[in-house]
Amino acid sequence: METITRKEIEQTCLETIAKEMGLKSGDLNEGMNLRDDLDIVSLDAMNIIMALEDEFKVEADIETVLEMQQVSDIVDHLAERMHV
Amino acid sequence: MVTGRGVVSPVGSTVTEYWTGLRDGISGVRQITDFDVSRASCQIAGMVQDFDPDTHFNHREKKSYERFTQMGLVAATQAVEEAEMQKLDAGSGEVGVLMGTGVGGITSYAIAYDALFAGKVERPIDAYTIPRIMNSALSSAIAIRMGIRGKNITLNTACSSGGNAIGQAFEWIREGSLRAVVCGAAEAPVTYGILRAWDALGVLSRKYNKTPESACRPFEKNRSGFVLAEGAAVLVLESLESAETRNAEIFGEIAGFGSNCDATSLTNPDEKGVAKAMKLALEDAEISPDSIGYINAHGTGTRLNDPLECRAIHRVFGNRASSLAVSSNKSQLGHAMGASSALEALATILAVQNDCAPPTLNCIDPDPECDIDPVPNYARKLNIEAALSNSFAFGGSNAVLVIKKWKP
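Protein sequence lines, in the order shown, are assigned to chains A and B. The first sequence: position 60 = 59 (numbering that gives the first Met the number 0), numbered continuously. The second sequence: position 188 = 187 (numbering that gives the first Met the number 0), numbered continuously.
Just chain B, with the same shape it has in the complex (with noise of 0.2 Å):
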């Protein structure tokens, strides 16, 4: 059960702002102003605004925690206070956290290089670097601020960290072995080096410098890339048992998990095991397919995962395909690596709690080779029992989650 919900994301700091965000068709596509961008081709990217460590940390944790951390720790924050955690005993060892991200603290990295080689002379490396960079910095804080004893675990499948780190959540407490994980991704990957080296791979958008808000186009004819992101999605994840046993307010289920690997390619999805992943979670939900009203698509945008995406949808919802509403947020927030699924799997727990599939933002001219219900545009009433959040990775890492709406 979700019982706990937060977020830090380009389109909305709170859980509110960020549906509204959604719903409403916003952008969160901006100009890079961080650093000199003049040399990339891809100048833009989904920015958290107003994000003010100050206004969260004492010095001493602004110097520890970087941005993904600190992205992540308000996320947590948010969402164990929602949860009343103080309520579930969390030095118990009986929660955990369960945290996921793709390239942890590469701001501190890129610091650091700077200091011993963009100089005459070498400068001196911060003492705080090494707690900065370690991609397991955000699940300590988690536990330290929150007194949290239980296991504590990081977790990295690149795109699908926070699917995974969602839905191994869901196993641990499944099995029994917790009673609730804070689990989720974080990610500020928006550097200088991350953003030249994914530009390298061709699959950003370079087209739309000009009009941020219209670069990310999934599903349509003109798409050409996405756009790096920033942001953090936390949940807090419970037993039905002890959700019920405190009157706990639970806002859905997470109902079934699929996760898998295509084992073919670094880099290119394979679409048998893309439809595998979302089969599995299916299975493990114990539904049919005929139960899902809306999937929260992967849907990167690029030339290649579209489609792909699309036809394995075909392959595991038949005729149906074609009219199931699919959108993907990543038209509106960007990709946040890591994080991108853990954004969506809360924006998918949001859509089937308000009976509304959040829009695919620029999508003017559906491409006929996404033969699927991309939502264009406008967010849609329609009612949602349960959905789909997809998630895929480079390395063929997938994690497909099922969530339900919560009917006591």
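Isolated chain A (complex conformation) (with noise of 0.2 Å):
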């Protein structure tokens, strides 16, 4: 299996979001507010934190996910999950 880099994981998480939201990914980045700068709402969160698990094979911890307040929490959140 390959090796995923965190900043893999960054970008894959961008451009879900940026999907979900119908935004640009590239007006994305990590340090932005979920809530305030993106306006993600906890079905939105529901979304992409599904298709995340679903393109990293992983399994996400909900509670956790929807208590995160920037994009960086996801990152680090699924960086963990992979070990990565």
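Keep in mind that the hints are not guaranteed to be accurate.
[To be verified] Calculated pairs, DSS-like style, for lysine-lysine (alpha carbon to alpha carbon, straight line, at most 30 Å): (1) B:K220 x B:K278; (2) B:K278 x B:K380; (3) B:K220 x B:K150; (4) B:K62 x A:K23; (5) A:K23 x B:K86; (6) B:K61 x A:K56; (7) B:K403 x B:K275; (8) B:K150 x B:K62; (9) B:K119 x B:K62; (10) B:K150 x B:K404; (11) A:K56 x B:K278; (12) B:K86 x B:K404; (13) B:K62 x B:K220; (14) A:K18 x B:K119; (15) B:K61 x B:K150; (16) A:K18 x B:K62; (17) B:K61 x A:K18; (18) B:K404 x B:K271; (19) A:K56 x B:K403; (20) B:K86 x B:K403; (21) B:K380 x B:K404; (22) B:K404 x B:K278.
Hint data in this document are derived by calculation from the structure and do not stem from the laboratory.
Mind assembling these two chains? They're in different frames, but the hints should get you there.
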């Protein structure tokens, strides 16, 4: 199995968020606040995390995800789950 | 009183386009192109053209609202704008919403089942699926967009949902519990599963896939069933006192409502039950059958419905029934299930307002078993002081509205 880097996880996260929210991934960065900057509500967060679970074949902790503040929190959580 | 009207339909998506389309005998029945119909016996439906969600909704609304909600919300916005709802204090609790639908967010069911069962690997279900499929999504969406904080109810009586919603809203206003109600119905049932399911009942027209506009032929010898359709019609109903106080324009009056149940069959209409609904509506309006100048029929174009509806009209109107103008908008729109009765109630309001009976399209060779005047193929100018809008449904839930011309 190929080793994935944190940077690759970040890029996939940004693309997934952009797709779900109708935005351009190039306009996003991992310092952005999920609610204030990206208008992500719980249903959006669920769609994003389910898509990422499907992409990376990992299971996220939903309660943890729903309490996340920034894009980087999602990236860190997935990286931890994938032992990156 | 009717103080606001809105519509999204296969023949036009403004009230003016809708009326012009009906009056001029335009057909909204077309080849279905949204999905593969090659294995379906009926490959046509009454489809709304040029409905662009991007024009009406932001990204979150598009995700949240399924097609029936989107169409209903566009029609409701037209109605509320025409009624100048901002003058009605929608947040007071004295304004409500009562919408009908038959199958609600059926498209999202199909997408979810497709994700679960259609591929080798199960795919994630969209988190917006439940809010999209709930039948009450439209009623809630209207309240959210308009800030309407009174009663908010969604009603389902299958194909008479719209008629019962408008009738029940009329009763709320008459009993004084609300000052105004946004009411009507919306439906977007044209999915592969629903198409095949209706076809399995043997009631869809299969003979006219090459000439969709000639498929639905109510009251005609060669009728062979209906075609599915989508659309929405919404009214703002308001008490006379409220409308007069704020100088609102009044487009017509809901004067009576007859609602009953055949209590005989899940699928077959009952002549006595249907006739009883018409009588109840006339009694409720306190007018005689002689006052009715036009009947907007349920008129599905099935072998069973049309002669039965005509016999029921004879039970109520006696010998006069043979010469009574009775037409079916389904010949032009198709059958929009729960929304059909709201679309047809709006058509009836417009017929009364314009003193003009819209036609029954494709009525080339009228069936002598349908002993009424079907207003074949061309609209007819005639004085209409009052009219009936008939809607019947699987399960036997009938809804008949009496619509009167408004004279201050």
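Structure-based check of each hint:
Only pairs whose Cα atoms come within 30 Å are accepted, and K220 of chain B paired with K278 of chain B is accepted, the gap being roughly 28 Å. Only pairs whose Cα atoms come within 30 Å are accepted, and K278 of chain B paired with K380 of chain B is accepted, the gap being roughly 26 Å. About 46 Å separates the Cα atoms of K220 of chain B and K150 of chain B, which puts this hinted pair outside 30 Å; it is violated. Distance hint between K62 of chain B and K23 of chain A is fulfilled; the C-alpha atoms sit about 17 Å from each other, no more than 30 Å.
At roughly 40 Å between alpha-carbon atoms, K23 of chain A and K86 of chain B are farther apart than 30 Å, so this suggested pair is violated. A distance of roughly 28 Å separates the Cα atoms of K61 of chain B and K56 of chain A; the hinted pair therefore holds under the 30 Å criterion. Taking the CA atoms of K403 of chain B and K275 of chain B, the gap is near 20 Å; set against the 30 Å cutoff, the hint holds. Between K150 of chain B and K62 of chain B the CA atoms are separated by roughly 26 Å; this keeps the pair inside 30 Å, and the hint holds.
With a CA separation close to 26 Å, the supplied pair K119 of chain B and K62 of chain B stays within the 30 Å bound. With a C-alpha separation of about 28 Å, the suggested pairing of K150 of chain B with K404 of chain B holds against the 30 Å cut-off. Taken as a hint, the K56 of chain A and K278 of chain B pair is broken in the structure, with Cα atoms around 64 Å apart against an allowance of 30 Å. The suggested pairing of K86 of chain B with K404 of chain B holds, with an alpha-carbon distance near 24 Å, which does not exceed 30 Å.
A C-alpha spacing of about 45 Å is found between K62 of chain B and K220 of chain B, which places the hinted pair above 30 Å, so the restraint is violated. At most 30 Å may separate the alpha-carbon atoms for a hinted pair to count; K18 of chain A and K119 of chain B meet this at roughly 24 Å. The hinted pair formed by K61 of chain B and K150 of chain B meets the criterion: a straight-line CA distance of about 25 Å does not exceed 30 Å. A threshold of 30 Å between alpha carbons decides the hint, and for K18 of chain A with K62 of chain B the separation of about 12 Å falls inside it, so the pair holds.
Proximity of K61 of chain B to K18 of chain A is assessed by CA-CA distance (about 14 Å); at most 30 Å being required, the pair is judged to hold. For the hint pairing K404 of chain B with K271 of chain B, the CA-to-CA distance comes to about 28 Å; that is within 30 Å, so the pair holds. For the hint linking K56 of chain A to K403 of chain B, the alpha-carbon distance of about 64 Å lies beyond 30 Å, and the restraint is violated. Between K86 of chain B and K403 of chain B the alpha-carbon distance is near 25 Å, which keeps this suggested pair within the 30 Å criterion.
Pair hint K380 of chain B plus K404 of chain B holds up; C-alpha atoms about 15 Å apart against a cutoff of 30 Å. For the proposed pair K404 of chain B and K278 of chain B, the alpha carbon gap of about 19 Å is at most 30 Å, so the pair holds.
Checked against the numbered hints given earlier, this structure breaks hints 3, 5, 11, 13 and 19; the rest are met.
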